[in-house]
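Undergrad: Single-letter residue listing:
Number of protein chains: 8
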Amino acid sequence: MPDLGFAKVDIGRFRRQGVPEVVYGEGKNAAQIGDILSVLRAEGQLPAIATRVDVAKARILKRRLGREFQYFADARLVRLGKARKPDGAGTVAVAAAGTSDIPVAEEAALVAETFGNSVERFYDVGVAGLDRLLSCVDALASASVVVAVAGMEGALASVIGGLVPCPVVAVPTSVGYGASLGGVSALLAMLNSCAAGVSVVNVDNGFGAGILAHKINHTGARQR
Amino acid sequence: MPDLGFAKVDIGRFRRQGVPEVVYGEGKNAAQIGDILSVLRAEGQLPAIATRVDVAKARILKRRLGREFQYFADARLVRLGKARKPDGAGTVAVAAAGTSDIPVAEEAALVAETFGNSVERFYDVGVAGLDRLLSCVDALASASVVVAVAGMEGALASVIGGLVPCPVVAVPTSVGYGASLGGVSALLAMLNSCAAGVSVVNVDNGFGAGILAHKINHTGARQR
Amino acid sequence: MPDLGFAKVDIGRFRRQGVPEVVYGEGKNAAQIGDILSVLRAEGQLPAIATRVDVAKARILKRRLGREFQYFADARLVRLGKARKPDGAGTVAVAAAGTSDIPVAEEAALVAETFGNSVERFYDVGVAGLDRLLSCVDALASASVVVAVAGMEGALASVIGGLVPCPVVAVPTSVGYGASLGGVSALLAMLNSCAAGVSVVNVDNGFGAGILAHKINHTGARQR
Amino acid sequence: MPDLGFAKVDIGRFRRQGVPEVVYGEGKNAAQIGDILSVLRAEGQLPAIATRVDVAKARILKRRLGREFQYFADARLVRLGKARKPDGAGTVAVAAAGTSDIPVAEEAALVAETFGNSVERFYDVGVAGLDRLLSCVDALASASVVVAVAGMEGALASVIGGLVPCPVVAVPTSVGYGASLGGVSALLAMLNSCAAGVSVVNVDNGFGAGILAHKINHTGARQR
Amino acid sequence: MPDLGFAKVDIGRFRRQGVPEVVYGEGKNAAQIGDILSVLRAEGQLPAIATRVDVAKARILKRRLGREFQYFADARLVRLGKARKPDGAGTVAVAAAGTSDIPVAEEAALVAETFGNSVERFYDVGVAGLDRLLSCVDALASASVVVAVAGMEGALASVIGGLVPCPVVAVPTSVGYGASLGGVSALLAMLNSCAAGVSVVNVDNGFGAGILAHKINHTGARQR
Amino acid sequence: MPDLGFAKVDIGRFRRQGVPEVVYGEGKNAAQIGDILSVLRAEGQLPAIATRVDVAKARILKRRLGREFQYFADARLVRLGKARKPDGAGTVAVAAAGTSDIPVAEEAALVAETFGNSVERFYDVGVAGLDRLLSCVDALASASVVVAVAGMEGALASVIGGLVPCPVVAVPTSVGYGASLGGVSALLAMLNSCAAGVSVVNVDNGFGAGILAHKINHTGARQR
Amino acid sequence: MPDLGFAKVDIGRFRRQGVPEVVYGEGKNAAQIGDILSVLRAEGQLPAIATRVDVAKARILKRRLGREFQYFADARLVRLGKARKPDGAGTVAVAAAGTSDIPVAEEAALVAETFGNSVERFYDVGVAGLDRLLSCVDALASASVVVAVAGMEGALASVIGGLVPCPVVAVPTSVGYGASLGGVSALLAMLNSCAAGVSVVNVDNGFGAGILAHKINHTGARQR
Amino acid sequence: MPDLGFAKVDIGRFRRQGVPEVVYGEGKNAAQIGDILSVLRAEGQLPAIATRVDVAKARILKRRLGREFQYFADARLVRLGKARKPDGAGTVAVAAAGTSDIPVAEEAALVAETFGNSVERFYDVGVAGLDRLLSCVDALASASVVVAVAGMEGALASVIGGLVPCPVVAVPTSVGYGASLGGVSALLAMLNSCAAGVSVVNVDNGFGAGILAHKINHTGARQR
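Chains as they are written, first to last, in my numbering: chain D, 1 to 224; chain F, 1001 to 1224; chain G, 2001 to 2224; chain X, 3001 to 3224; chain W, 4001 to 4224; chain H, 5001 to 5224; chain C, 6001 to 6224; chain R, 7001 to 7224.
Since the hints were made in silico from the structure, they are not lab data. One or more of the hints may lead you astray.
Covered by chain G, according to a simulated footprint, are these stretches of chain X (three or more residues, beta-carbon under 8 Å) [unchecked claim]:
(1) 3124–3131
(2) 3173–3183
(3) 3186–3195
Residues from chain D that keep clear of chain F, each with C-beta distances beyond 12 Å, as calculated [stated by the list, open to error]:
(4) Y24
(5) L40
(6) E43
(7) P47
(8) F72
(9) D87
(10) E120
Ranges between beta-carbon positions, derived for each pair [unchecked claim]:
(11) K62(D) with T5099(H): 50 to 60 Å
(12) E26(D) with A4221(W): 52 to 62 Å
(13) D7124(R) with K85(D): 25 to 35 Å
(14) A5031(H) with E1068(F): 28 to 38 Å
(15) Q45(D) with V5039(H): 53 to 63 Å
(16) T1099(F) with R3067(X): 55 to 65 Å
(17) G5044(H) with D1124(F): 17 to 27 Å
(18) E5120(H) with I36(D): 33 to 43 Å
(19) Q5032(H) with T2099(G): 51 to 61 Å
(20) E5120(H) with E26(D): 33 to 43 Å
(21) D5074(H) with D3124(X): 50 to 60 Å
(22) R3067(X) with A6073(C): 34 to 44 Å
Quantities reported herein were computed from a predicted structural model and do not represent experimental measurements. Just so you know, even glycine gets a beta-carbon here, dropped at the ideal spot from N, CA and C.
Can you make the complete structure from the sequences, with help from the hints?
TA: Okay, here's the thing in structure tokens:
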């Protein structure tokens, strides 16, 4: 077998630079999450985040990690260390259709805030109550990027997409029942948005939307 | 085998009363369509309608059926005899998201008109251009029933559903590509509408929506 | 960023008028549901409804809300205040195929009753026992609107659609197993109904069907 | 490699006995179909059938195969040789919902007839016109087996299943559009039939239903 | 509203004759099941069956229903009264691919036995161990009807369908994981069987297969 | 019906500002496309684009529109007027997996170029030939945004997402067969990307990806 | 942007070694296919293969490429240059269920032969005619690897998987209709095979199966 | 009924030879698993394996089976007796994308080891961190066969398939959420791999992949 001669370049080091560490908490116990966060702190890599952490695990982690620990129950998210100072081009707007969509929206918002973005929240602005949505359209339209979070028919992404000049990151949620197919109906609707400038992430993927919003809001910063 | 003793009641006669005859033209040739329409005329059952009739068949039918014949190319619909006089409770509003949705919308509108309904059309009011939709919301809100026709993400039905007090009949269309899955994505979205008062018919089923709108607009008439 | 100049019209106020408030109880605890209902009572907005409330929550709510509180266990529905007096054009008929479909049917029936409709129930009239269905066809055919509730193959909607002149609101239920796909098979069947005048709401959406039936039965009233 | 020692029994000979040869014509040209039918005639294996043969191929075959050749255009079926004399337990009833379902129904009927069954046809008995179906329920109920052919929502199988004591072979057809999903919706509905005694074959598989009906109608004959 | 004039014929009485009563136990508690069975006994309608009854409910029912009560744990089936004497044309063969398919197979077998059929069982004859299947092919081939029960890829139905002259009732089961899609993969495979004479019932529907096998085995009896 | 009092704000004017006009050519004939482009030229709204225009229509359009007309056969795209000068934050990189993906990639590239972006193309860099992809990773990593175009398994988006710090807009294509399900498999894979910072547009939606890339690359410009 | 420092290793050169070049002919015209094959010949890289080439293109190619050109019409495959001498561990067996599956089977067989494998073909051995399959089980069982090609229910893979000790490469084909879902049903069945040692490639992917069979048959050769 | 005359050959004995016995533990209790393993030990058929055994059952089994018992918690796998000495052509490489994929990967690795293969593990080499994967490409490329285990978008299989000359057995896992559809998205992606030489087993089927890898690695041994 010939030596393929791959240089052992540290792509990983490159890949990680610029974004804080994020621990996906689903399927990990409190000890495992705590271990990773402790290492990151020891290495000076704060702020660090753990997502999908329930209240029970959060209590254990709080006792172990102490002063720098913060738990955001709505978003089921743990943060160790302070959020970075906002240094993006503008604001990240996070819009959510219904109250049941807020956990996903909060995950996106907190991830973006932690990474150094000024975040504005617009909750309960689903299209069935168009007046609430229209009352905040000026604010949405002046953001760098809008994260649009909705379950059921997911129409929020299309309506916002038609109203704002910036990119819209659409996050379908699993909110709904029956023909919502666990969020797949909202996902399909968002992919078929008649408004240009809308792209989509996985169902309930608030974390991914937060990262992406951060990256878009820092487009200029990366180029300088 | 015992005699089941079913009385030979003419449910069929009952079923047909009140609504004009409609011929589903798909898969029938001009001769077949012409035969049925001729019989209906002979029986005094005008106006009668044939749906999904292309231009070539329409030309043949015109020559055969003469003066009372009308062809609506957009809707691919043939009507023999005049539309009934409008005698419903109010107006049937037909809204369509994009120009590609117009054939389905016209089918619904013409069916409703033929059956005796005053119809108002609101085309090119897709949610990506919310201003056009909002400019006709007063008119929509005062209708007896709104038929909302849209492909792609089908958000029009939810947005209208949140703005009007009357029933909304949502018609998904096969307009779109890729993840639109031939109209199934719009269909799913409409079924998950966050607005109450929205119900859905099959993809591209303008005819069914027109009948249903007629029936809703004549609710009071049936009860008197 | 230019001012978009949206007038801050209260679409919301409009949207809500005419229909009582409904609280979607799924995923809310008794305290949350109680809070909303208490506010509505304080604002004089009774009758109000909460759907998908289990027995345990209902007990807590009963203690808190007192005399005006009613719980309908079959429908898992809470009502605060008395139903409005029936003032629609005619009767809302609610038909259910099997005993397992009754919870969804009852949700539709109670919502319609609360909103001011005279409701007639026809349960256990699935098409496998056609005699029971035929024995009530006169009553069904004289209703303003029929709500047809069925799981499994959902044939009830088509059969009723062929027998009555009024609109049929079809509600697929998740009753079934295997190839019923959680109600999607019944949903698809109903969307493909060979009878005109049938439209469909989401799986198990008794609430939506009840609202829609109410709106159809009040078509004339809105126009006056 | 050890010798597995399979006895070379002629399962094939066994398998074929009792049922005439059937050539699946789809994707075969006239020459290929003609060759097979000629061989079967030479071997004395008539009657033989070829299914899914269009008119053009049928013309060529007619010229080649001569007197014993018969073409059934509705069913797109070729038969060489006369049908066997009916010798089953009773009648095979073939019911079809709409005119578009007749080709599949005829394929089933002709296959059963050729194999030696007395066949009774009941066409245009879809559930939207329940009176026509009810007018022939006595005849259906006294058959040995009913083949129920329907597209769209496929409700015919369930309704017949509730009315007759014999097995019902349900054949979904690809008749429909949009959410009919090429016959899959009818297929799913039939699999979920609330009536016991219904089983299902593939979409448009009239041939398979005809064979199965033949086998059921000859249950006693096989046992003697 | 005109009187539709339906004769109130007792289709129901007809429908039920010839087959014992069956109670679908899923979602019913022991008290409900016991009530129905008690009524049936009082009316002299034994044997009666309840399907999908777990051990806990069975214990309660046993205490209440006494001597005539039988519980078949494998099939989760309760029978009140003795099975009828076999009076069909021949034998009902029930074949199951793996041990996990036995509960569904037993449900089919016990239903058929109770209704008056001689049943032969062939378990653990999946196609991966073809020798076991081949060793019982003579017995299968001489049955009146074969019920073929299999999960995973469901190949058993096709292989048996190629070996026997009688009808094959294929029952897909939910045995499997991942791409088995809860039994839908086996269902699809069985619907596409390359062997003629195979029809399919819903996933895990042993009860339906048992009834159908009974009806096929009594084809001659119904005609006399 | 009360006046809802919507201010007639010109949301549309706002919505369109900043992005050139784009005509979706699918389903429009040359005359229709030519009319729209002519109006846009008359209104001074160049450059303007028409997508999904085949060669035949392009020839007709060229004759009519003259000097400013350009046709890009690979992308099936017409442009009237010159591309704007690049004024974004950096480069838009467009990567395509195989040669069959180039039409979609070119649509994205040309749309972005026309809107005023410097575009770099990286074609034939599918993951099965990782060396080609790795040889251009420096260039990809220094872009403002990467558009990743791939059919079949769509792995390109994930691999690039792991290598670059900027947002990745993933475009699944309908390239493939069988289990590619018309591009849906690639779409699903991209939505499940294990790399953060990846979002997805509809199958074959090069146009949408081009617009989105433009918006991301102009994030800073909008905020100034 | 830091230099990522990837060594520019020629992974591609490595990747290609050992297997002849294969041109995927779908969507390429005769000129394009001819160009690639000519270059390969000039580089001394024969034998080379082009798949999915129809007769018309093959004729053009034959004229251009001359003596070394071979066209296999069944497999729609072009080969330039002679097949390598068989040098694998043993035989590659290719089994196909029906005559309609032969094109895919031949593609697999010819690819394997060209790459230097002794191939044995077993066609028309579908499970509905088990005798034919059993008559060749000794030969199948002594192969190095079996390629099992089948459409419809795809049971062939499971049955062979239970009979042979070597790996089975299952190739579902798009042969079938209705619920075969274009080959997806066979694909799902094969993935759920109850026999260990079966793996699956994409629908109609004879080429991929041929390559894989070659690689398995040369396992030992690679290690020496 | 004629005697079909099947020789009662012991295909089963043949089928089992060469591979140790494997007990599928899902749905069996500790007693049942223990009984089978005890019999196998008594018959001298060690090593034997039981898969999908949780910790609780493992504890009971350990007490019963004693010294030869081994439990591998990660893989949820029990082994009785020592692994065979490696005697294959080369190494079986098992690569896993993320930590959540390790249980499935370990099942594959342990099955292969037990059957007499030298196994090398490469874990946490998902494509989002391409450097880790590239650092082990030499080792992967010199294996006899690679088992590639990945959930989410399953890109690992394609990337490895493009880098190694040997067969790749792709195992999709159910790791993921939302649009991962329980592993079906990864499955579809792997089936559409643009790299030749990749075949796929069912979701989470580590066992099947281990067997297949064993068979490929022993290709030469079977032929000698």
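Undergrad: Each hint should be assessed against the structure and marked as holding or not.
TA: How the hints compare with the structure:
For the segment 3124–3131 of chain X, the stated coverage by chain G is satisfied: 5 residues place a CB nearer than 8 Å to a CB of that chain, which reaches the threshold of 3. Counting residues of the segment 3173–3183 of chain X whose beta-carbon sits less than 8 Å from any beta-carbon of chain G gives 5, enough to reach three: the coverage restraint holds. For the segment 3186–3195 of chain X, the proposed coverage by chain G is satisfied: 9 residues have a C-beta within less than 8 Å of a C-beta in that chain, meeting the threshold of three. For Y24(D), the condition that its CB be more than 12 Å from all CB atoms of chain F holds, with the nearest at approximately 26 Å.
No Cβ of chain F approaches the Cβ of L40(D) within 12 Å, the least distance being about 38 Å, so the stated non-interface status holds. E43(D), annotated as away from the interface, keeps every beta carbon of chain F farther than 12 Å; the closest lies near 42 Å. Every C-beta of chain F lies more than 12 Å from that of P47(D), the closest at about 35 Å, which supports listing it as non-interface. No Cβ of chain F approaches the Cβ of F72(D) within 12 Å, the least distance being about 26 Å, so the stated non-interface status holds.
Listed as a non-interface residue, D87(D) keeps its Cβ farther than 12 Å from every Cβ of chain F; the least gap is roughly 33 Å. Taking the minimum C-beta to C-beta distance to chain F, about 21 Å, the non-interface status of E120(D) holds against the 12 Å cut. At about 55 Å, the CB distance of K62(D) to T5099(H) agrees with the hint of 50 to 60 Å. Checked against the given bound of 52 to 62 Å, the beta carbons of E26(D) and A4221(W), roughly 60 Å apart, stay inside it.
Under the hint 25 to 35 Å, the C-beta atoms of D7124(R) and K85(D), about 33 Å apart, fit the expected range. Between A5031(H) and E1068(F) the beta carbon distance is about 32 Å. The supplied range of 28 to 38 Å therefore holds. Range check, Q45(D) to V5039(H): Cβ separation about 57 Å, and the 53 to 63 Å hint holds. The beta-carbon spacing between T1099(F) and R3067(X), approximately 59 Å, falls within the hinted interval of 55 to 65 Å.
Distance hint check: the CB atoms of G5044(H) and D1124(F) are about 23 Å apart, consistent with the given range 17 to 27 Å. For E5120(H) paired with I36(D), a C-beta distance near 37 Å keeps the hint of 33 to 43 Å intact. A C-beta distance of roughly 57 Å is found between Q5032(H) and T2099(G), which places it inside the suggested range of 51 to 61 Å. For E5120(H) paired with E26(D), a C-beta distance near 38 Å keeps the hint of 33 to 43 Å intact.
Hint check: D5074(H) to D3124(X), Cβ distance near 53 Å, so the stated range 50 to 60 Å holds. For R3067(X) and A6073(C), the Cβ-Cβ distance of about 36 Å falls inside the hinted range of 34 to 44 Å, so the restraint holds.
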